[in-house]
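Novice: Let the hints inform the model, and build the full structure from the sequences given.
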Amino acid sequence: GQNIDQPTEMTATEGAIVQINCTYQTSGFNGLFWYQQHAGEAPTFLSYNVLDGLEEKGRFSSFLSRSKGYSYLLLKELQMKDSASYLCAVTRGAAGNKLTFGGGTRVLVKP
Amino acid sequence: SAVISQKPSRDICQRGTSLTIQCQVDSQVTMMFWYRQQPGQSLTLIATANQGSEATYESGFVIDKFPISRPNLTFSTLTVSNMSPEDSSIYLCSVLSWATDTQYFGPGTRLTVL
Numbered sequence: 001g002q003n004i005d006q007p008t009e010m011t012a013t014e015g016a017i018v019q020i021n022c023t024y025q026t027s028g029f030n031g032l033f034w035y036q037q038h039a040g041e042a043p044t045f046l047s048y049n050v051l052d053g054l055e056e057k058g059r060f061s062s063f064l065s066r067s068k069g070y071s072y073l074l075l076k077e078l079q080m081k082d083s084a085s086y087l088c089a090v091t092r093g094a095a096g097n098k099l100t101f102g103g104g105t106r107v108l109v110k111p
Numbered sequence: 001s002a003v004i005s006q007k008p009s010r011d012i013c014q015r016g017t018s019l020t021i022q023c024q025v026d027s028q029v030t031m032m033f034w035y036r037q038q039p040g041q042s043l044t045l046i047a048t049a050n051q052g053s054e055a056t057y058e059s060g061f062v063i064d065k066f067p068i069s070r071p072n073l074t075f076s077t078l079t080v081s082n083m084s085p086e087d088s089s090i091y092l093c094s095v096l097s098w099a100t101d102t103q104y105f106g107p108g109t110r111l112t113v114l
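Chains as they are written, first to last, in my numbering: chain H, 1 to 111; chain U, 1 to 114.
Just so you know, not all the hints are guaranteed correct.
As the list claims (entries may be wrong) - Using 20 angstroms as the maximum straight-line C-alpha spacing, the simulated DMTMM-like pairs for lysine to aspartate or glutamate come out as follows:
id	chain 1	residue 1	chain 2	residue 2
1	H	K81	H	E14
2	H	K76	H	E14
3	H	K81	H	E41
4	U	K7	H	E41
5	H	K57	U	D101
6	U	K7	U	D26
Stated by the list, open to error - Quick list of simulated restraints, FRET-style, between CB atoms:
id	chain 1	residue 1	chain 2	residue 2	range
7	U	S18	H	T23	38 to 48 angstroms
8	U	D26	H	G103	27 to 37 angstroms
9	U	T100	H	G103	21 to 31 angstroms
10	H	G103	U	S84	16 to 26 angstroms
Simulated from the structure, these hints should not be mistaken for lab results.
No residue lacks a Cβ here, since even glycine has one placed at the ideal position from N, Cα and C.
Specialist: Structure follows, in structure tokens:
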């Protein structure tokens with residue numbers, strides 16, 4: 001079976017840093033995605049990690065440890081527009097393209 | 001990334017009826033997916049739709065309830081059949097970009113069943 005865990009909610013202050021953790025237990029793991037979803041909108045792609053390590057993309061960074069079944073998304077210099085849900089998803093299967101999502105983490109950025 | 005559109009964007013339907021949701025992509029893609037997002041929940045994969053073959057359904061989803069068509073490489077439909085209030089959800093299609101190995105999502109169809 002698949003098990004993907006993320007915190008339900010996090011609150012942070014504008015300009016601060018927030019780290020969203022994601023742990024997973026899944027067979028046939030290929031890689032891990034992070035998506036951002038604003039209320040009432042579709043998820044938008046943030047990052048994709050296949051190999052261990054940290055990938056930095058502007059204010060957002062994503063880390064993966066395959067041996068520990070662990071990932072995190074780091075949001076720096078938080079802005080009000082970063083208030084959204086952040087979805088962790090793993091790809092599995094022989095073709096590596098089926099996405100299984102965690103429950104999502106709602107981040108609230110306060111002034 | 002691909003540009004994906006869905007129709008309708010939202011609908012309110014009566015119990016027992018069916019609704020067909022369309023997904024159109026601006027480029028040819030091999031793999032398309034249909035997801036459901038129930039209120040306050042994350043996304044759940046319903047099925048994978050490949051052109052030229054039958055859709056592959058995930059556990060808990062069956063073809064009689066969610067028939068899918070994939071007539072060409074830019075279009076797919078999902079029908080929600082014999083609807084009940086429990087089917088009230090957002091239904092999203094996504095496409096796989098082989099170039100980036102990434103799935104991109106359409107804007108979703110918000111369905112309310114009374």
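Novice: To test your reading of the hints: which numbers does this structure violate?
Specialist: When the structure is compared with the hints, none of them turns out to be violated.
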